[in-house]
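Heads up: the protein sequence lines correspond to chains A and B, in order. For the first sequence, the working numbering gives the first residue as 1, with consecutive numbering after it. For the second sequence, the working numbering gives the first residue as 446, with consecutive numbering after it.
These are computed hints drawn from the structure, not numbers from a lab. Source: prediction; values computed, not measured. Some hints here could point you the wrong way.
To be verified - No more than 35 Å apart at the CA atoms, straight line, and that leaves these computed lysine-lysine pairs for DSBU-like:
(1) A:K250 x A:K169
(2) A:K56 x A:K363
(3) A:K288 x A:K67
(4) A:K373 x A:K162
(5) B:K630 x A:K248
(6) A:K67 x B:K552
(7) A:K186 x A:K161
(8) A:K67 x A:K363
(9) A:K56 x A:K157
(10) B:K688 x A:K442
(11) B:K449 x A:K250
(12) A:K186 x A:K162
(13) B:K688 x A:K238
(14) A:K161 x A:K248
(15) A:K350 x A:K161
(16) A:K115 x A:K48
(17) A:K363 x A:K288
(18) A:K186 x B:K688
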Amino acid sequence: MRFRRLLLGAVGAAAIAAVLPASAQQKQPIEIQFWMGLAGASGELLTKYGNDFNKKQNDYRVVVSFKGQYPEQRAAAVAAFRAGNPPHIMQMFDAGSGDMMSARNAIVPVSEVFKRANLQFNPGDFIGPARGYYGLPNGDLLSMPFNVSTTVLFYNKDAFKKAGLDPDKPPRTWPEVIQAAQQIRKSNAAACGYTTTWLAWVMLEQFSSRHNLPIGTQQSGRGGLNAELTFNTPLHQKMVQTLVDMQKDKSFDYGGRSNDAAAKFISGECAMLTQSSGGLGAIQRDAKFEFGTGQLPYWPEVQGAPYATTIGGASLWVFNAPNRSADEFRGIAMFLDYMRSNEVMVDWAKQTGFLPATNSAFKAMTEEGFFQKNPGRIVPILSLIEGRPGEHTNGYRFGRWTEIRDVYHEEVERALQGRQTPAEALHNAVRRGNALLRAFEKTAG
Amino acid sequence: MQRKVVFSGVALPYALLAPQLAITLVFFFWPAGQALFMSVLQQDPFGARVVFVGLDNFRAVLTDPDYLASFWRTVYFSFAVTVLAMAPALLLAVMADRVVRAAYAYKTTLIIPYAIAPAVAGVLWLFMLNPAVGVLAYLMRTLGIPWNPTLDGTHAMLLVILASAWSQIAYNFLFFLAGLQAIPKSLLEAAAIDGAGGTRRFWTIVFPLLAPTTFFLLVVNIVFAFFNTFGVIHAVTGGGPAKATEILVYKVYYDGVIALDLGSSSAQSVILMAIVIVLTAIQFKYIERRVHY
């Protein structure tokens, strides 16, 4: 009996205590959920930007969460959207853009978000390749480019010296890479000459852009959902054949589909590596040798080559939800405005290997002499602006691209294993990829 | 003498069962129901366009050569994992049973691997066998073996089989040990007096009496190989290279989460559930008869 009274009294007190602070407090800041897909140092930096934004004002509170790598995060966002409560902003990787772009009722174009909030927004400030990738024909942006990267060639200067190659001259063309790799293998300066991370991104997407080849019809998918893939041209086959031939004597050693091959370069096993410019941080921190940076190699017989490379990385998408208020959208716009400011963009580009996504950030970094002090950092930017712009250097827009990348991976792996020719590999990849695009067209059209 | 716990009313037993029933309802029946529901639909990831397609998803899955290849691959994989997880466990249990000195130390050491989550076990083996930085891989290179699970499908399959079986050995060991202790010593002594050697005693007395344990572990191991090995595959090979390690449960994950093809993934999930139900039913019906209690 006494215990029951005590319990009742405690519950009553707790209830009052819960109600009091709420009535005594002023308006709570509106929460903005920002899901990002970067782990490690880059992820911590994004969390820091969220905290900095929160400190600057009291109306909104940005909550930065890591929900797993991009594919898992996207699945979580899909589930959240179906439950009626998606995050406000989500960082989505380049390959997922096609899927997001077709989900017109699920997302709100970034240009629209700024317009609703009456905030000034100039899409022209973002670098050309990013605008082309994430933009609409009328110049509006669907998502806001944030972490932009492109492919660069890292090479082991110490291994080059040992092999008798000039350590200050990175190979510029694929024949030069083949020759350097063979020399490295012959002199045993390293266990393998060349490897690559992100096989499909480098060997299919960036490769096509570098030689101004379309990946598919309808301007590589931008023109409509009925586009077909076309990446089984003789030049694409030649590239795969080169890898197959080089794999035989370890001039090239396959390092997996994503980032694992970077370990082969950092450990000194392979002397050359094509990698995202964002991989610079890990190399700088862990490589125990002197290394240099070069642009993505190209085949010199292609007329007009080298064309510009395209971008990779991720952009920020804004979700739509039935119960989202105008206030929340205003908060989203304010946070995105902060994220594209020089303050954030310059800091981000300096600390990570990602490129400055805005022209003003690039200008600011040039003016303060950053690129003079760090000559390797200008290389990825040069490959975007020095390379000739062509009609097919703006990237692609396909749904189910993550899957199509894996189809490419599987077929090229079979070719590397010697189970099929490169021609068969690419024909199979195109056939399977087209089947996926038709399935996507059915559900998204 | 049989001891049965008797409850005075019905409220308490139901209340005690309630948490487990709630968990089963929420974490099995609800998702299974959702999977069944989604398997007859075709929809875009965000749920904007939902179309009822009847059994089309099932038809597409069952006629897909990739799915059939994955099916046989899973059969091969679970057979390999089960054999590799049960045979050494039995051997170790028999040996550990005979040891008298420091028996506890041996048994504890042999049981510890079970406490490690499958994904962690996978990463452990990956680190040891990673072609670039692995200790065992380095050893193999010096011995002249071209170990390369990144490119060679057979090596990749071997790697995931090893990693999956390794953590299960401890679990099987535990059960076999308990089973061995239940065998009356008098039977073995009588056989020894009659002149039966160690091996003879094992195969004619111990093994048949271990049948209930073996049968139970067979079911558990096969279900483990079908489902719990997802963590290992995801952490170590991601289904590659060239689909060499893509087993059914991984395909369900890939098609659902990565490819966002919810209809196909749900259909595959339903088929997988049906397979395991049938397997378990067959085993209970036919193997149960051979079990001597």
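Hints, one by one, checked against the model:
1. A hinted pair counts as satisfied when its Cα atoms are at most 35 Å apart, and K250 (chain A) with K169 (chain A) qualifies at roughly 22 Å.
2. The straight-line distance between the Cα atoms of K56 (chain A) and K363 (chain A) is roughly 25 Å, inside the 35 Å bound, and the hint therefore holds.
3. For a cut-off of 35 Å, the pair hint linking K288 (chain A) to K67 (chain A) stands: about 33 Å separates their Cα positions.
4. For the given pair, K373 (chain A) sits about 27 Å from K162 (chain A) by alpha-carbon distance, which is consistent with the 35 Å threshold.
5. Among the hinted pairs, K630 (chain B) with K248 (chain A) is inconsistent with the structure: their alpha-carbon atoms are about 61 Å apart, more than 35 Å.
6. Restraint check for K67 (chain A) and K552 (chain B): the C-alpha separation of about 40 Å exceeds 35 Å, so the hint is violated.
7. A hinted pair counts as satisfied when its Cα atoms are at most 35 Å apart, and K186 (chain A) with K161 (chain A) qualifies at roughly 14 Å.
8. Restraint check for K67 (chain A) and K363 (chain A): satisfied, since their Cα atoms lie roughly 34 Å apart, inside the 35 Å limit.
9. Proposed proximity of K56 (chain A) and K157 (chain A) is contradicted: the alpha carbons are some 45 Å apart, above 35 Å.
10. At most 35 Å may separate the alpha-carbon atoms for a hinted pair to count; K688 (chain B) and K442 (chain A) meet this at roughly 26 Å.
11. Taking the CA atoms of K449 (chain B) and K250 (chain A), the gap is about 70 Å. The hint is violated against a cut of 35 Å.
12. A threshold of 35 Å between alpha carbons decides the hint, and for K186 (chain A) with K162 (chain A) the separation of about 11 Å falls inside it, so the pair holds.
13. Straight-line distance between C-alpha atoms of K688 (chain B) and K238 (chain A) comes to about 24 Å, which keeps the hinted pair within the 35 Å bound.
14. For the hint linking K161 (chain A) to K248 (chain A), the alpha-carbon distance of about 24 Å falls within 35 Å, and the restraint holds.
15. Our distance criterion of 35 Å between C-alpha atoms is met by K350 (chain A) and K161 (chain A), whose separation comes to about 29 Å.
16. Of the pairs offered as hints, the one joining K115 (chain A) and K48 (chain A) holds, with about 27 Å between alpha carbons and a cut-off of 35 Å not exceeded.
17. Straight-line distance between C-alpha atoms of K363 (chain A) and K288 (chain A) comes to about 33 Å, which keeps the hinted pair within the 35 Å bound.
18. A C-alpha spacing of about 34 Å is found between K186 (chain A) and K688 (chain B), which places the hinted pair at or below 35 Å, so the restraint holds.
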